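Protein chains in written order, with the working numbering: chain A, 1 to 508; chain B, 1 to 124.
Heads up, a few of these hints could be off.
Straight-line distance between alpha carbons at most 25 angstroms, and here's what the computed SDA-like set of lysine to any residue pairs gives [said to hold, decoys possible]:
#1 A/K195 - A/L457
#2 A/K153 - B/T83
#3 A/K153 - B/V50
#4 A/K195 - B/V50
#5 A/K195 - B/L91
#6 A/K153 - B/V95
#7 A/K153 - B/R48
#8 A/K195 - A/R208
#9 A/K153 - B/L23
#10 A/K195 - A/P267
#11 A/K195 - B/V95
#12 A/K437 - A/L457
#13 A/K195 - A/I290
#14 A/K195 - A/I227
#15 A/K153 - B/I88
#16 A/K437 - A/L425
If you're looking for bench data, these hints aren't it; they were derived computationally from the structure. The structure displayed is predicted, hence computed values, not measured ones.
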Amino acid sequence: MSHWIIVPIILPALIAPLLVLSARYDIVLQRVISLASVVFLLGVTVALTWTAAGGTVEVYEMGNWPAPFGIVMVLDRLSAMMVLMTSVLGLVVLLYVIGTGWDRRGRHFHALFLFQLMGLYGAMLTGDLFNLFVFFEVLLIASYGLMVHGGGKLRLQAGVQYVIYNLAGSTLFLFALATLYGVTGTLNMADMAVKAPALAEGDAALLRTAAAMLLIVFAVKGALVPIHFWLPNTYTHAPAPVAALFAIMTKVGAYAVIRVYTLVFGPGLAVTNTMPADWILPAALVTLIIGMAGVLAGGSLSRMASFAAIGSMGTLFIAISAFTPEATLAALYYMVHSTFAGATLFLIVDLVQRRRGSCALDLRAPMAQSGLIAAMFFAAAIATAGMPPLSGFLGKLLVLDALRSEPGAALIWTVILATSLIAVLGFARAGSMLFWKPHSVAGDGTPPAPQLNALPLVATGAMLALLLALTVLAGPLTGYMEATSAQLYDTSTYIEAVLGTDGVEGTQ
Amino acid sequence: MELLVASGVGLLTAAGVYLMLRLRTFPVILGLSLLAYAVNLFLFASGRLVVNQPPVLLNEGPYTDPLPQALALTAIVIAFGMTALVVIMALASFVRAGTDEVDMETETPVAHEAANDTPTGDAT
Numbered sequence: 001m002s003h004w005i006i007v008p009i010i011l012p013a014l015i016a017p018l019l020v021l022s023a024r025y026d027i028v029l030q031r032v033i034s035l036a037s038v039v040f041l042l043g044v045t046v047a048l049t050w051t052a053a054g055g056t057v058e059v060y061e062m063g064n065w066p067a068p069f070g071i072v073m074v075l076d077r078l079s080a081m082m083v084l085m086t087s088v089l090g091l092v093v094l095l096y097v098i099g100t101g102w103d104r105r106g107r108h109f110h111a112l113f114l115f116q117l118m119g120l121y122g123a124m125l126t127g128d129l130f131n132l133f134v135f136f137e138v139l140l141i142a143s144y145g146l147m148v149h150g151g152g153k154l155r156l157q158a159g160v161q162y163v164i165y166n167l168a169g170s171t172l173f174l175f176a177l178a179t180l181y182g183v184t185g186t187l188n189m190a191d192m193a194v195k196a197p198a199l200a201e202g203d204a205a206l207l208r209t210a211a212a213m214l215l216i217v218f219a220v221k222g223a224l225v226p227i228h229f230w231l232p233n234t235y236t237h238a239p240a241p242v243a244a245l246f247a248i249m250t251k252v253g254a255y256a257v258i259r260v261y262t263l264v265f266g267p268g269l270a271v272t273n274t275m276p277a278d279w280i281l282p283a284a285l286v287t288l289i290i291g292m293a294g295v296l297a298g299g300s301l302s303r304m305a306s307f308a309a310i311g312s313m314g315t316l317f318i319a320i321s322a323f324t325p326e327a328t329l330a331a332l333y334y335m336v337h338s339t340f341a342g343a344t345l346f347l348i349v350d351l352v353q354r355r356r357g358s359c360a361l362d363l364r365a366p367m368a369q370s371g372l373i374a375a376m377f378f379a380a381a382i383a384t385a386g387m388p389p390l391s392g393f394l395g396k397l398l399v400l401d402a403l404r405s406e407p408g409a410a411l412i413w414t415v416i417l418a419t420s421l422i423a424v425l426g427f428a429r430a431g432s433m434l435f436w437k438p439h440s441v442a443g444d445g446t447p448p449a450p451q452l453n454a455l456p457l458v459a460t461g462a463m464l465a466l467l468l469a470l471t472v473l474a475g476p477l478t479g480y481m482e483a484t485s486a487q488l489y490d491t492s493t494y495i496e497a498v499l500g501t502d503g504v505e506g507t508q
Numbered sequence: 001m002e003l004l005v006a007s008g009v010g011l012l013t014a015a016g017v018y019l020m021l022r023l024r025t026f027p028v029i030l031g032l033s034l035l036a037y038a039v040n041l042f043l044f045a046s047g048r049l050v051v052n053q054p055p056v057l058l059n060e061g062p063y064t065d066p067l068p069q070a071l072a073l074t075a076i077v078i079a080f081g082m083t084a085l086v087v088i089m090a091l092a093s094f095v096r097a098g099t100d101e102v103d104m105e106t107e108t109p110v111a112h113e114a115a116n117d118t119p120t121g122d123a124t
């Protein structure tokens with residue numbers, strides 16, 4: 001039992017209060033401490049991924065209580081990949097925030113940021129459903145603080161909507177958990193995976209209800225139509241770097257769906273059968289259409305980026321809904337890609353907004369550094385829309401290829417390809433409005449670049465470099481993900497690791 | 001007793017959902033609280049309804065399932081904190097916007113970007 005698994009959860013939990021208590025008035029000290037912790041966490045998560053890549057499932061029993069009686073943290077390939085992605089994104093966003101001084105605009109940014117990371121790590125590592133709920137709450141509470149960071153009327157109004165929406169989601173989560181516990185008598189995911197197929201006939205309806213409620217909760221987190229309404233306002237009005245960090249929060253919903261609906265309510269379970277797939281697929285198709293239509297219709301760059309985030313969740317959920325190893329491999333690759341692409345887009349939104357004072361799509365004099373930012377914007381747009389040569393193209397290709405033999409493949413292909421075209425149109429329109437047409441406007445010259453160092457540009461460039469690396473290293477990465485999805489559908493390794501071999505036999 | 005608890009949960013949920021669908025923050029927050037009560041009761045009942053039994057193992061005797069009690073406790077704490085937070089945020093939003101309506105009246109991107117760019121040091 002390696003103690004390193006718990007470090008990503010414990011460390012932010014210790015550092016964040018320390019920041020509030022002792023470094024409250026010293027922004028430089030706060031920056032140093034939080035940057036050091038995030039770099040250290042990146043190191044730890046790299047090491048964890050290295051361990052998990054070997055194929056073993058590492059289990060950490062809290063307080064040395066054996067599962068299913070105690071809480072367990074489980075490190076398998078999927079959770080290792082997710083925590084590594086969180087660390088990388090966290091580091092880049094933190095660099096951007098420090099470079100632009102967003103952390104000066106309100107109090108306790110760094111503490112909230114660390115709590116957010118703690119919630120994310122916890123949700124990805126836990127092997128217990130109630131624990132998943134608690135970590136969801138931890139990351140949501142931190143996100144409420146980050147969302148209204150900096151204040152302002154519209155941000156607060158959007159924040160209230162966001163909080164209320166998520167509170168309703170949390171309540172539904174608890175109802176689902178109570179039903180599951182009432183039926184199966186356990187909340188440990190591995191234990192539930194053992195008990196669910198062996199349930200009495202009369203409990204089938206209850207279990208199905210709970211599975212459906214759980215799916216709705218995860219769909220709220222993943223912004224799946226028809227319960228995606230919280231996302232556009234939240235992401236548009238949140239501080240842009242925070243919105244970039246939020247790119248991973250929707251992925252937590254997707255992660256939870258992958259985890260629960262392969263492990264507990266797997267494709268082989270008679271009670272739920274194809275229910276998850278039947279529900280997710282149509283919703284995901286509509287999500288994709290609405291998202292990309294929003295990209296075309298969004299009146300400002302931030303709104304466009306928000307709808308692009310919705311659209312990418314649509315593609316992701318289409319891949320997830322097939323529940324085959326090939327499709328899940330595609331979903332994993334697309335998940336990593338869309339997290340980084342979405343975050344890049346939001347960082348660029350902030351870069352534009354700082355130079356123009358607004359990111360509304362109207363005609364104004366050219367902005368400072370428009371050449372560099374234009375290059376970044378078009379790279380991010382190419383990645384998001386899924387054109388070659390960046391990772392979005394590979395991601396969509398993998399998704400299309402994996403779904404070729406599924407029923408309804410023609411419809412899925414049509415929707416994915418048509419929406420890609422719509423996204424290309426939307427981004428091209430926005431790009432020409434922001435970067436090309438201004439040169440024909442007789443304005444009062446280029447406004448001066450805002451006073452800041454090169455760090456924001458470097459951070460945004462780093463995100464683009466990650467997208468490039470995702471393309472270049474697609475071979476080894478998909479190799480890792482292939483093993484990951486194979487591990488997901490071979491649930492016995494996971495269950496044995498958590499419960500022990502005798503535990504499995506004892507409950508059967 | 002089962003009927004009583006079940007109808008209690010049902011009534012609280014119904015009232016909570018109704019209030020949540022209103023357009024002003026005050027009823028919405030009340031509705032959220034009612035939903036939280038309903039879910040706490042429901043969690044508590046998920047370990048089967050047992051009367052007069054301790055939730056700890058005392059020698060041999062019968063006992064009630066202790067886990068739902070721990071779950072309900074956690075849920076109560078979280079719901080309580082969340083209610084406090086949403087009250088504060090609703091108040092701040094009310095003071096700033098001058099209205100306690102939940103939906104946002106206009107969606108003019110230009111106006112809000114301007115609001116975003118004024119560095120204000122308050123809130124959170």
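Status of the hints after comparison with the structure:
Proximity of A/K195 to A/L457 is assessed by CA-CA distance (about 52 angstroms); at most 25 angstroms being required, the pair is judged violated. Distance restraint check for A/K153 and B/T83: the Cα-Cα separation of roughly 21 angstroms lies within the 25 angstroms cut-off, and the hinted pair is therefore satisfied. This hinted pair does not check out: A/K153 and B/V50 have alpha carbons roughly 50 angstroms apart, beyond 25 angstroms. Between A/K195 and B/V50, the direct Cα distance comes to roughly 24 angstroms. Compliance with the 25 angstroms bound is thereby established for this hinted pair.
Between the alpha carbons of A/K195 and B/L91 the distance comes to roughly 47 angstroms, so the proposed pair goes past 25 angstroms and is violated. Under the criterion of a C-alpha separation no larger than 25 angstroms, the hint pairing A/K153 with B/V95 is consistent with the structure, at around 9 angstroms. Distance restraint check for A/K153 and B/R48: the Cα-Cα separation of roughly 47 angstroms exceeds the 25 angstroms cut-off, and the hinted pair is therefore not satisfied. A hinted pair counts as satisfied when its Cα atoms are at most 25 angstroms apart, and A/K195 with A/R208 qualifies at roughly 14 angstroms.
Proximity of A/K153 to B/L23 is assessed by CA-CA distance (about 18 angstroms); at most 25 angstroms being required, the pair is judged to hold. This hinted pair checks out: A/K195 and A/P267 have alpha carbons roughly 15 angstroms apart, not beyond 25 angstroms. For the hint pairing A/K195 with B/V95, the CA-to-CA distance comes to about 52 angstroms; that exceeds 25 angstroms, so the pair is violated. Proposed proximity of A/K437 and A/L457 is supported: the alpha carbons are some 23 angstroms apart, at most 25 angstroms.
Between A/K195 and A/I290 the alpha-carbon distance is near 39 angstroms, which puts this suggested pair outside the 25 angstroms criterion. Our distance criterion of 25 angstroms between C-alpha atoms is broken by A/K195 and A/I227, whose separation comes to about 31 angstroms. As the CA atoms of A/K153 and B/I88 are separated by approximately 14 angstroms, the hinted pair is consistent with the 25 angstroms bound. The straight-line distance between the Cα atoms of A/K437 and A/L425 is roughly 16 angstroms, inside the 25 angstroms bound, and the hint therefore holds.
In this structure, the hints that do not hold are numbers 1, 3, 5, 7, 11, 13, 14, in rising order.
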